[in-house]
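Asker: The listed protein sequences derive, respectively, from chains S and P. Mapping of the first sequence onto the numbering used here: residues 1 to 98, in sequence order. Mapping of the second sequence onto the numbering used here: residues 1 to 322, in sequence order.
Treat the hints as calculated values from the structure; they're not laboratory data. In this text, a Cβ means the ideal position worked out from N, Cα and C, and glycines have one as well. Misleading hints may appear alongside valid ones.
[As the list claims (entries may be wrong)] Which bits of chain S does chain P cover? Going by a derived footprint, with three or more residues having C-beta under 8 Å, they are:
#1 57–71
#2 78–92
[What the hints assert, rightly or not] Calculated cross-link-like contacts (lysine-lysine; reagent style BS3-like; alpha-carbon spacing at most 27 Å):
#3 S:Lys-75 / S:Lys-39
#4 S:Lys-39 / P:Lys-193
#5 S:Lys-39 / S:Lys-70
#6 S:Lys-84 / S:Lys-70
#7 S:Lys-88 / S:Lys-75
#8 S:Lys-88 / P:Lys-251
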Amino acid sequence: MAEEQGGDVQPTSTVSLANNHFRADHDGSAIIMSISAGKFFSFDEIGFEIFDALEQPVRVDQLVADLAAKHSASKDVVMPDVLKFLNKLSENDLIRVE
Amino acid sequence: MTATEALRHPDYSLCGWRFRSEIRIAALPEWDGDPDHLPDIELVRGSVEEVPCVDPVGVIVTGRREATVVAADAGRFAVSDGRRIVADVHPDALPGVVETMAVGPVLGTLAYQRGILSLHSNTIVIDGKAVALSGRSGAGKSTLAAILLGRGHRLISDDVLPLREVNGRTLALPGSQNLRLWGESLDLLGVDKRGLRRAADGAREKYFLPTVEKTTQPWPLAALIWLERAETDRYFLRPSQGIFRTRAIYKATYRQHLAREFAAMGSREITNLSLPGVAVFDLLRPRGLDLLEEQATAIENLALNDDLPTIAEPVQVRSVHR
């Protein structure tokens with residue numbers, strides 16, 4: 001099914017925001033609403049760092065390399081968490097996956 | 001002076017824009033800005049192609065810069081580039097209905113084309129602070145607004161309220177400033193309908209309650225109150241926070257389907273529901289018209305609360321034009 005394939009983010013996938021959300025920043029936190037899923041989300045600081053990085057299309061392995069370098073972490077540690085997060089975004093139609 | 005100039009209405013001020021219209025719009029103040037400033041928006045009469053529409057009033061978006069507003073009892077309005085309106089008005093349309101379309105769905109569409117988010121609200125200025133009353137049809141927006149108007153507060157929007165964020169504050173841009181009220185609401189408030197202009201006819205009549213003193217300035221939006229009817233004997237005015245705050249703002253967004261369509265077309269500006277400086281509340285109200293005066297007082301007290309951003313004078317913004 002197309003929906004399942006859409007959620008299948010790989011390290012070689014290119015991901016970007018899908019023009020399918022509203023956002024409210026208030027009192028130091030932010031809430032994202034997926035328009036088509038009709039659900040509200042909030043992320044931690046790193047989650048928003050990733051979300052904001054998806055304004056422009058980016059390859060997942062490049063995104064992971066940037067995050068690992070910035071936070072002095074191993075790419076092998078960062079990759080599974082990022083894939084899990086991106087798949088969640090994809091399941092809720094918040095990102096495009098190519 | 002040419003014949004055309006003699007027939008033309010004075011230019012209006014709409015949300016801080018200079019608005020030149022071939023249709024008289026009594027709900028708007030005259031332009032009081034720079035006399036040399038060229039019109040930001042122009043409405044001309046003309047022919048507009050028919051588009052299929054099943055709703056009594058619908059907005060058909062054909063692109064980020066093109067849309068047609070279709071009103072069964074008024075006509076068709078082609079809105080383009082956030083600045084040009086062609087009005088194809090039914091010959092027998094009530095002028096009040098045509099005017100309501102121009103400062104309602106047409107304004108809302110035009111604002112989205114400009115990347116400006118609007119609320120659907122009756123907005124009152126209390127103690128220098130704009131308070132937006134929002135809710136579904138029949139929730140009591142207009143009736144509460146009428147009571148607050150009767151207490152000497154100012155109405156700055158009867159339907160569409162375009163917003164602008166400037167220096168971390170949310171500004172309310174004044175739109176239609178004549179309150180439309182159902183005939184039965186006027187009866188309940190003891191207002192004589194005779195002599196009032198009609199804003200809608202049919203099974204339920206609507207009338208304009210005109211505002212004497214109109215404003216051309218943006219006002220700081222301090223509160224948004226989402227009105228909801230409930231099975232209760234009392235009323236509850238409660239702050240909305242977190243997801244509930246965001247959801248209330250989304251529900252108050254003018255014609256959400258338009259916001260969604262423009263978001264899908266990549267208009268990122270209108271997806272920002274942050275509304276900095278705006279406190280959001282739910283007002284759960286009993287059915288019927290009990291306790292209306294008390295609710296109006298609660299709203300007044302809320303606006304007088306020192307915790308809300310206080311501004312005695314409207315904020316001057318020169319960058320509204322584009």
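Asker: So which hints don't hold here, by number, going up?
Answerer: 1, 2, 3, 4, 5
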